[in-house]
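K.L.:
Each chain, written out:
Protein chains: 2
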Amino acid sequence: MMDRRQFLSTAAVAAAGAMAPLPAFAAAPKLGTQAPGFFRFTIGDFEITALHDGSVAGEIDDKRIPNVKFDDVVKHMESQYIPVKPFVNQFNTMVVNTGAKLVLIDAGFANNGAPTTGKLAANLAAAGIDAKSIDTVLVSHFHPDHINGLRNKEGELVYGGAEHVVPAGDFAHFMSEEKMNAVPEAARGAFKTAQRVFAPNAKDLRQAEWGKEWAPGITAIQSDGHTPGHTSFVVSSGNKTLLVVGDACNDPRIFAKNPEWHLGFDLDKPKAVETRKKLLDMASADRMQVTFYHAAFPATGFVSKTATGYDWYPMSYTDLM
Amino acid sequence: MMDRRQFLSTAAVAAAGAMAPLPAFAAAPKLGTQAPGFFRFTIGDFEITALHDGSVAGEIDDKRIPNVKFDDVVKHMESQYIPVKPFVNQFNTMVVNTGAKLVLIDAGFANNGAPTTGKLAANLAAAGIDAKSIDTVLVSHFHPDHINGLRNKEGELVYGGAEHVVPAGDFAHFMSEEKMNAVPEAARGAFKTAQRVFAPNAKDLRQAEWGKEWAPGITAIQSDGHTPGHTSFVVSSGNKTLLVVGDACNDPRIFAKNPEWHLGFDLDKPKAVETRKKLLDMASADRMQVTFYHAAFPATGFVSKTATGYDWYPMSYTDLM
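Keeping their order, the protein sequence lines are chains A and B.
Going by the numbering used here, the first sequence opens with residue 1, and the numbers climb by one from there.
Going by the numbering used here, the second sequence opens with residue 1, and the numbers climb by one from there.
Next up, chain A with everything else stripped away, as it sits in the complex (with noise of 0.2 Å):
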């Protein structure tokens, strides 16, 4: 089919010798486009860049959500409006801009995930922010869509210049071959990112602890159950906050409304259920701003708590800056 900028031009030459009568347009072609996936806020004086690093449509069986009838997810999920066929599972991770530090807390997968993953390069380029110029690399966990985007499959750093700081938990965890053996092959999975990902600068990782600034403003707070040195950060500038909450909740849509559901992938499910309640609560009494790495883009919003558990406020898009 002719390109309408071609048919129009052709329009034109032919318009140039003689009055044509204008043409017909020329069916647009679908673009099936989407903008890049980054989204700025402010903190105090921090500015915050939400990432896209893709996403996955997949399944979902009763495995995943395992202390529900799967029939009462599918209907909970479709009164959200949440797409069941296909399921699709966000990865979203952040910078945040202190002033002094570009600091970047959790790193997707890099060229290691599926084709629809991997973007957070291309979106960091689109924001304006330049992967070398990273200085600090926040861990939240070990497992592998958190982890993956910081060493690529050649196995070179992608933000060789930044200090890594990962939780000591799982460290000890993750990097241990006595617990891998101890579990399932088909648990093994985590075990072996970790080791691919982290073996070769084991040295050179800061392991961290909670309750402690692992960046300027940025603390670390306990929120295992997950995997257990899950690290949820609180960053602080000036009166404000925002809860990175990681992993304790998964999609702010199914478990924040539903606290006590457990995640399949959570490793201790009723420590993970305390965890998850314990975070929200505190966001919702403090009107704190909150980030889910699974949430849809961009990801960041604020929950309240109900009878029931906690509805959940996107934020949304606006260039008012």
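Mixed in with the good hints there might be a few duds.
Copies of the same chain look alike in the list, so a pair counts if it works inside one copy or between any two.
[What the hints assert, rightly or not] Below, in silico cross-link-like pairs of lysine-lysine (DSBU-like), each with a Cα-Cα straight-line distance of 35 Å or less:
1. Lys30 / Lys271
2. Lys240 / Lys63
3. Lys192 / Lys101
4. Lys101 / Lys278
5. Lys305 / Lys257
Derived by calculation from the structure, the hints in this document are not laboratory data.
Chain A is fixed; fit chain B onto it per the hints.
P.N.:
Frame of chain A, contents of chain B only:
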């Protein structure tokens, strides 16, 4: 302050001579930019591009929702995490590519509004849509934030190649000097804007009626109250439909939640309430995707009827197309 790239390249030059220690990074600049305001989705075989024209940050007072105590309005907004000060009013248009035609629905401000508006041109370009290739413009109603964008400040038609289809009811109302003279001076702005925009090409406009297809697959439906000729649209392709609500319901977090609240700008307030409920009932019952001109971008999602109104489920960003 020395730019980080300069700093690093200076350091690299130094390091070429001797292995100098890695310099401390300079602070990264804040960027303050946002991704372009376009969002693609599909309805059957149609490709839709939601497009942001911008927003205005201002004040609201007790005239905005005259039948509700202002304190209750503020309390509701706070409960929904909607900023009250400043209050942000967004303007969101859309293009429907039906395959045969490129159809723009409503047009924002072009360069006739506040500097934080008139971004449709830039967002169309970012979305890969040539403004000159728009075949058809549909107008929901004649308020300035919907029609100003059809003719720029210099007096030129912005979509000169397109057929302009307008609601006959609003043409009759807003192009009438008699009707204008019947309202107080302060209420004449919309009449004057309609004159500015449409008088020069009045004979070329297609005045159209409710219940008809105004473009292939796009049917106009009665939704008066906001203005006498206010028109909503049902966009249909295959077995999918999109309800383009326009201004029959302003920000759904406020007016879908509270459909009986009067918007100050609604010319016939009881009729506007009746229309709003009729449209939202239909969308809820049929689980139709909806768009609202004044919802937060991308201004599309779903509504679900509750005991007191309708909950709003915004569609979220994905780059899986």
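K.L.:
Against this structure, judge whether each hint is valid.
P.N.:
Hint by hint, here is what the structure shows:
{"no.": "1", "hint": "Lys30 / Lys271", "in the structure": "neither (48 Å within a copy, 39 Å between copies)"}
{"no.": "2", "hint": "Lys240 / Lys63", "in the structure": "between (39 Å within a copy, 32 Å between copies)"}
{"no.": "3", "hint": "Lys192 / Lys101", "in the structure": "within (31 Å within a copy, 52 Å between copies)"}
{"no.": "4", "hint": "Lys101 / Lys278", "in the structure": "within (29 Å within a copy, 53 Å between copies)"}
{"no.": "5", "hint": "Lys305 / Lys257", "in the structure": "both (9 Å within a copy, 18 Å between copies)"}
Checked against the numbered hints above, the structure breaks only hint 1 and satisfies the rest.
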